[in-house]
Every structure is written in structure tokens, then in C-alpha cells.
Amino acid sequence: MDYKRLGLVAGIEIHQQLNTREKLFCRCPTHLRPFEEHNGEFFRYLRATESELGEIDRAAREEMKNLRKFLYYTYDSTCLVENDEEPPAPLNPEALTVCLQIAKMCGMTPIPQVHTMRKLVIDGSNTSGFQRTALVAVNGTLPNGGAIETICLEEEAAQRVKGDVFSLDRLGIPLVEITTSPCMHSPEEVQEIAEYLGMVLRSTGKVKRGLGTIRQDVNISIREGARVEIKGVQDLDLIAEVVRREVQRQERLLSIRQRLTERGASVSRTPHDVTALFSHSGSKILKKAPRVMAVTLAGFAGLVGEEIQNGRRLGSELSDYAKKCGVGGIFHTDELPAYGMTEDEVSALRAEVGAGEADCIVLVAGDMHQAECACQQVILRAELALKGVPEETRKMLEGGSTSYMRPLPGAARMYPETDVFPVTVTSECWEAIPRVELLNAKAERFSREHGLDTAVARQMAYSEHVLLFERAVDLGIAPTLAARTLIATLKEISREGLDINPLVADHDHCGNPIIPEVLQVLLGVKKARVGKEAIPDVLRRIIRGESSESAMQSVESTAEGADLEALAKRIVRERMSFVKEKGMGALGPLMGVMMKEVRGAVDGRKVSQVLKAALSDALGEK
Amino acid sequence: MSEFLSGDLVRCVVGGSELKGTYITSRDGMAVLKVDSGYNIGVFPGDCTLIERPAPMKPAREEVIQDPSLPVLSIVSTGGTIASRIDYRTGAVTSQFDASDILRAIPGMSAIARYRTRKLYTILSENMTPSIWQELARAVYEEIQGGARGVIVTHGTDTMAYSAAALSFMLETPVPVVFVGSQRSADRPSSDNVMNALCSASVAVGDLGEVAVVMHGTTSDDRCAIHRGTRVRKMHTSRRDAFQSIGIPPLGYVDYPSLKVTLSPGTAVRGACEPALHDRLEPACGLLYFSPGMSPDILNAYAGFKGVVIAGSGLGHVSTSLIPAIRELIDQGTLVVMTSQCLNGRVCDRVYDTGRDLIRAGVVEGEDMLPETALVKLMWVLGNEPDSEKARRMMHENLKGEYTRRSLHGL
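Just so you know, the sequences run in chain order E and A.
Going by our numbering, the letters in the first sequence line up with residues 11 to 632, in that order.
Going by our numbering, the letters in the second sequence line up with residues 28 to 438, in that order.
Each hint can be trusted.
Calculated pairs, DMTMM-like style, for lysine to aspartate or glutamate (alpha carbon to alpha carbon, straight line, at most 25 Å):
#1 K79/E to D377/E
#2 K405/E to D227/E
#3 K501/E to E559/E
#4 K536/E to E474/E
#5 K536/E to E559/E
#6 K114/E to E480/E
#7 K297/E to D344/E
#8 K298/E to E355/E
#9 K114/E to E45/A
#10 K287/A to D377/E
#11 K79/E to E96/E
#12 K287/A to E51/E
#13 K47/A to E159/E
#14 K47/A to E23/E
#15 K333/A to D414/A
#16 K501/E to E480/E
#17 K79/E to D268/A
#18 K297/E to D377/E
#19 K172/E to D249/A
#20 K114/E to D63/A
#21 K79/E to D249/A
#22 K542/E to E459/E
#23 K241/E to D63/A
#24 K334/E to E239/E
#25 K405/E to E234/E
#26 K405/E to D133/E
#27 K297/E to E345/E
#28 K501/E to E205/E
#29 K297/E to E382/E
#30 K47/A to E187/E
#31 K501/E to D484/E
#32 K79/E to D282/A
#33 K616/E to E584/E
#34 K114/E to D74/A
Because the hints were derived from the structure by calculation, they are not lab data.
A quick note: this is a predicted structure, and the numbers were derived from the prediction, not measured.
So that you can see chain E by itself, here it is in the shape it has in the complex (with noise of 0.2 Å):
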């Protein structure tokens, strides 16, 4: 596809989670918990409050459609401040440095004075109704010439569990929102950016990592389109796909309008009530209902079940609109009959609305209010469909496509959160904080320097064990070595269920700095106190409680003086064709055997001497 032809522009909003010991305006801690262990819920109704000018937001008017009730879980990592129960803690000074060290690598100008505003989301994912968020720097740059716009530091949404239910754990955890000018114009370079940017946040170190942690929102228009807003993708190998699919979608959709601004179509304004058709109807939807109404899309056959994106028509859109009201959905004449519904019902449809084959019918069903309400959303919708692509907040499905959320939210919803006071970031303040080396220029570094391999570099330096591996290279433990063990040895231990945060912890219980387990016990191979094969098995040990110094011992004793001849002994016996046929050549295939054996916990030259004696012995005895 042509996409400077089309026009193609985008930008993106990156948010990413931080790790910091405390969220943003409370001081619980920022992990997340199983829904399962929550202990206590309570509920809410949210609503929207009137602007200066009489306004409410029209995003916020949106979610208002319905009074809505919302479930939140509380844990005992949660308190009164997410609860909305008690005034925000001050800003987090944490966060706001890993924040100011971010605006710093990507070359911005700090704000002097950081005010924290009140931000009006009310989907219920903020007890308050707000989210809390500062803008902190403004002007970066990127490397394809780009701008970065501004970073702000917000406060992360509450889980949705499902359906109206949040989890609290995760609100107020810090995000850091980075939003790029409108400077990319091909899928490809989406992708780019957000790659350089996830790189630039996790350099930091201070960034949390794994799935939902990093979250990105592409704002999306090609020519005589519109500014579509899509949120929420997650996984970065997604996000040229999601540009794509995006892009097919508003062409079809200007598409569409040349259509039907040739055909003449137009929107009836005046749904009609159609219950009573119904009453026997084989769909059980609209035979329950107690209102089902319809609107007549003149004009409009056949467009409104055309595709405009993979799994996606012309309406569904009109049913995302409907949804807002409290329906499930819509029918449309374009897919009817089906659902139970036969050809009679549907040419009593046509005839009761007055609608000729040209026409499309969109049936909504529901109580008096939803149905009504329903209608309105489907005629707001098709009028827009005439006018092309409307500005909107999407969500993506799985796969790439996306469904209407909500219209872009309007400037008009910001106002300053005046229980957290401003934070003055001086130019003292500014400069203390220390440049970090990138991750892309640490793999090249570690590959020059550490003569790591370059696929072995680039995995360690992007590695959450980084700062583990530089301690390790610096307490003169071999890079080869701390490398295989930080990246492969431990992802083997991991994926066998342990947890291997004993290993890796670098404060004890009261906070005090220690040498991490694993470099103890790398510290050990270094020593020649246990053999390098022995690793895997020491550190299962420390995980079931052991400390190092214990486990490299257990694993010392349990192959020693006898046992190791009896041992090398038993190998020789078992593999005896093997051995007759090389002679003393066997020595190195069963060394290899040996030191499995013994996992490592005998120095090789004793182990290479007991075999060399047993080897011996058994091509005497021939």
C-alpha cells in the first residue's frame, strides 16, 4: 500500500510502568496480586460534573449514557487512597526522578514547577473519576528526525476483572506517558519509534517489565480521514499491524461515503417503534424485548455489512454506538433474515418503516429508554457515516482490528488536583541527575569489552539482570560464564516453576545491600569451590531455602574420596564396549559423563585422575 499517497500520519503515546517501591500518591507497594486474594469490595456510581459553560465532557457524557455501577477489589497492598477515601500522599519523588532521567535520555526541557492535574475518566477504571497526571518535560527528539511532545507522569488505571469489576492493585502505580508529534508515516516506523522508545524507558533500569506493563496508544489519519485515537496495544509486534488495518479502515470508510453521497442516502431521523412485528418472532431477542424499534438508513443497502477491516463492517461500528445504551447489539437488514428471523418478518419490516430494497434497517431491542437511547446512537453514527470518518477513541481486538470506545476526549477535562502540592524542579535538581548508558549502546559495549558474542551481548544488555551481570563482570567473575548463567541458566530454573527472586535479591530483609545469591555461587565457580556444572543444581537448592554457602557445600559432599572411585568405576563397567574400542581415548567422552554425575562438585583434575585410574584398571584387567 501506498501510504504516503494515502496521506498516512501517526503518533504515539507510550505508557510505561515503573518500578518504584511506592505508587505515585499512597505509599502501598506497585506489585500486582491474583484477583483471588483480594479481601474486601466495595461499589461505586460514578458521574459526570458540569463544566464553567454548562458542558459536561463529551467523552465523559458518553459513559454517562447509563448510571453505571462499579465493583472494586481491595487487597491488603491497598489503602484508603485508592479507595478514594482519603487525600493523595505527595508526589512521588521517586518516580519523578526516573521520570525527569527519562525526559533527560530523550534530550527534553523539564517544566520548572510540575502541577498535578485531575484528569475526568469515568469507565470506572479511577475510583475518583479522575486520573491524577503532571506534565514534566516538553521537546525531545527522535531519531527519525521527530519530535517527542511532552512526558507526563499519571497514576496507572485499576484492572478491569471483568464486566464493571476493577482491581485496585494496580491503580496508582506511576506511569510515565510519552507522547511523539505526529511524525511517522508508514506502519514500519510506528513500529520503529515504539521499539526506540521501550529501549530508551528500560535503559532507565527503573521500568517494570512483562506483559501489560508497557502499553501503547497510536493516533492514526490518512487523508480526508480523521484522527482515530486507538488504544491500548500492548504487544509492540502488533502496532504496524494495527496501522494497517486502521489505515483499510478509513479508506473503505471514505469509500463508502463517495458511495453513498452517490446513491443520495440519508438518515431517517425518526426511529419507529416495530414491537408488536415481533411478538411471534422465531428470535428470541426481539421476541422478548419489550421495545424493539428501527431506524431506516435510506440508501444505505449492502454498505452496512460491507468489511472495513478483518472481522469488522460498516455495522459494527453502528453497534458499538447501540452497545453504549445497554443493548447487546443490533440487527441490519444487509444480514437479514437470520437469527431466527424469517423472510416474512423481514418484508413486514420493510413495509411497516416504509424501506425499499435500496434501504437498510437497523433493529434495536431493549426497555423503552435503551431502545430509544440505542436508536439515537444508531442514527448519530450512519449520519456520520455520511460525512466519512468520524474523530474517535478505539480499542484494539485481538489481531489488530479495533471497536469504537468512545469520541476523543476534549481538552475540557483537565483541572488541577489541588490536594498535591507543586514540585519544583530546580536546575540543581536537573543537572544531579545522571545520564544512563542506552541499552543498544551497553550490548555494543559488552561485546567489545566483555568479548560476549553479539546475539549474547544484545540479549544481556536488554536482560531485567543487567545490573546483575555489570556486578558480577566487576567482582571478576568470567562475562561468558555470568552471562549463561543470568540468561539461560536462570530461565531454566524459572520455567521449572521455582522462583528465583531468592537468587537475585540484592538487599536482605531489612533492606541491607548483600551480594546477590547467584553471584555468590558464581563467585564460588570462580573459587573452584564447586565446578561450573554444578550451578543449575546449587541455586534449586538456595530456592528451597538453603544459603550458598550451605547448598555449594551439600553439593561439595555428596561425591567425594570412595564414592568418586566407586562411581568412576560403575561408568567405565557400563560403558565397557565403548572404552575397549577406544582405549584410553574414553578418558574425555567420560569425563563429561563423570562430571554430570557428580554435578560439578568435584574439581575436574581429582575427577580426571580417580577416572584415569578406573580406565586404566579396566584395560589391565582386559
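Please arrange chain A on chain E, whose structure you already have, making use of the hints.
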């Protein structure tokens, strides 16, 4: 910096970047601007230049038409925020008091009643005084006389319980007088103001016939509790359900969102008395919180006061070393009433020696009265009863449900 006015469009240089924004205010020597994205930032005022001064925007206000078939409620405001409006241009949050504003902010209110509003004060409740309680009592009395089906008093929550107790003593009311406020600011979509306001209006048109506080019953938006004005206390600094009835169950509940009101037996009902106002108070009264090792000088400072309530320890004690000073106060004509810091339970100064000494010194046992209620009652009794012996006896009588003769199990 004073060269800028709120609402001015200004240009500002931050580092090497130029930003445009609306000037909001100055704070800690910094100019606060609202930039296009809606964020406020603090910048050095010297870095800003004026672009233009737009004409002030007039808020679009439509009058709300009230349903003439509904009963009339009066809303008397003292400063508690029942409704507020946000100016997104400047970020300012302003409290709203007139009926149209309230109805626009809380649409459900218009289905319950018609409203007339009376703005008495706009103060934080910690700045309340006994003379404002008196003014409030007179205003509410006038509203009752003026035919209001019920009166809603919006009030800051800090000292709401004092004011509710004060009106309980000063007013005989045949209609509900309902105090309401909010613990979480009215600008937030999660504010308790909406539910509290709707519930208080539902109580105000209902069958109650006394002074009450209506606030959230739990942390959820499930129901409001109706508390007797003389038995209610703010028991949490910030939670929605901060208000609790102490020593008695609540007078009832209002379910939400159904707004169904359920009153407990024993509640004073509508029309049970004629309206009357007894608005005299003796302001020279104090409330003293005892602590171990407290100096008698503190008690001596109350010399000349007409009444003192002591919040004593446990069953109603102070240290032996304070007893001579208390005896001195009483001998000089001060009425001294003992209550307990425990809040729950009854004072009994007949169990331990210090208690018996306090009784011998002439201290009145405050039974199970809340210390704050006892103070307000003492002001009212001393304001209305010149005979000190009768006043003493009145402190022992249950006038407005402020004390119970029996301490019930489970409360």
C-alpha cells in the same frame, strides 16, 4: 507578575521551547499557565509575555423549571459544598448554591421536591461559632414557619455534629431538619455529594420530625444512614462513612439509588410538635480533654467560665492532682460536667476514689452523652435556665435524645 490577569493568553519560553497557555494565577513566585493540552505548569513569570486578553466568558446557564406539584424544601447553606462547577479554562472549582445550580448538578433532586435556597454563610465548618449556630437556628425556624416541607442544611463536615446538636436543642421542629455534607469534594465524579444530597432530600420530604444528619452509611454507594443530631459524631478524617451514631442505632436508612427511607421505631415523627425557637446560648463554656500529668493551670484558665465539660479518661476520671482546681471552679460558680474520652459507654464516678472525689467536688456525671453534645447542651441549658440548681438537674435530663437511660447490648 501582577501584570497578568487570570484568563490572559500568554507566551512563555521554557528552556529552548516556546509554549502558549492561559495564565491562571501565581503560586510560590511562579506563574501558573494552562497549556492547550489542559495541563497546568509553573513557569518563571519573567519568561512570559502577554499575547492577548480575551473577553471573559459568560457561563451558559439555563434556568431549571421546577415541578409545581412537588413539596417545597428549603436548602440553607453554610458553606458545605453540595454542588460545584469546574471552570476548565482556569481549573477553578466553585461551589454552587442557588436552586438552579444544584438541580443542574444533581438532576435527580428535581424529582423529589421543589427547592428554595438561602445562603447564610460560606465558611469552612471549623470557623463556625455558637452565634452562627443561633443564626442558623433562626433561619431554619423561619423556613419552617414559611411552610417548608423540610429543611436541608448544607454544612462542612468537620463540626457538623456540633451544629446539628445545637439546632436539636434550640429548635422544636415538626418537620425534618437534615444536615448534609460531603467527605469527598463535589467536583469529583465519585463524590458522595450526589448520593448524600438525594438521600437528605428524601428524608426531608419524609416522616421524620427531628434534627438529623444524613450521610453515607458505608464506603459503598449503597445507603445513607440517618443519625440523631445529638448522638452523631465524625469518626474518621476522610472516609465517606465517617459519621456514626454513638450509643444508639441510626434513626434509619435511605437506600440508594431507590431512595427508599426506612425509619426506626422511637424516631420523632412529622407533626408531633409545634415549631418553637429557644435560641439563647451561654457562650462562656469550654470542653477540656484530660491527659495524664495535666497541669491544674489549664483548669485555672477556665476561671469565670459558666460551664466546663471535661472529657475524662475511662469511666470519667481526671488525675487526683486536678481535683482541687475543679473544686475551686465549681465553688466559684462554674457548672462542671464529666464525659468520657471513650465516647462509647456511660460515665460512672462512683467506682474509684478519684471519681468519688469528683462527685464530692460537685461534678455532674454526663451519663453517656458525647463530650461535644454535652458542651452544646451545657451552653443551651445555661443560656435558658438562670437557676444553677435547675440547670444542674437539666444536665441530668434527657432533653433531645442526647442520652439514654439504659446502655443497650450491642452498641
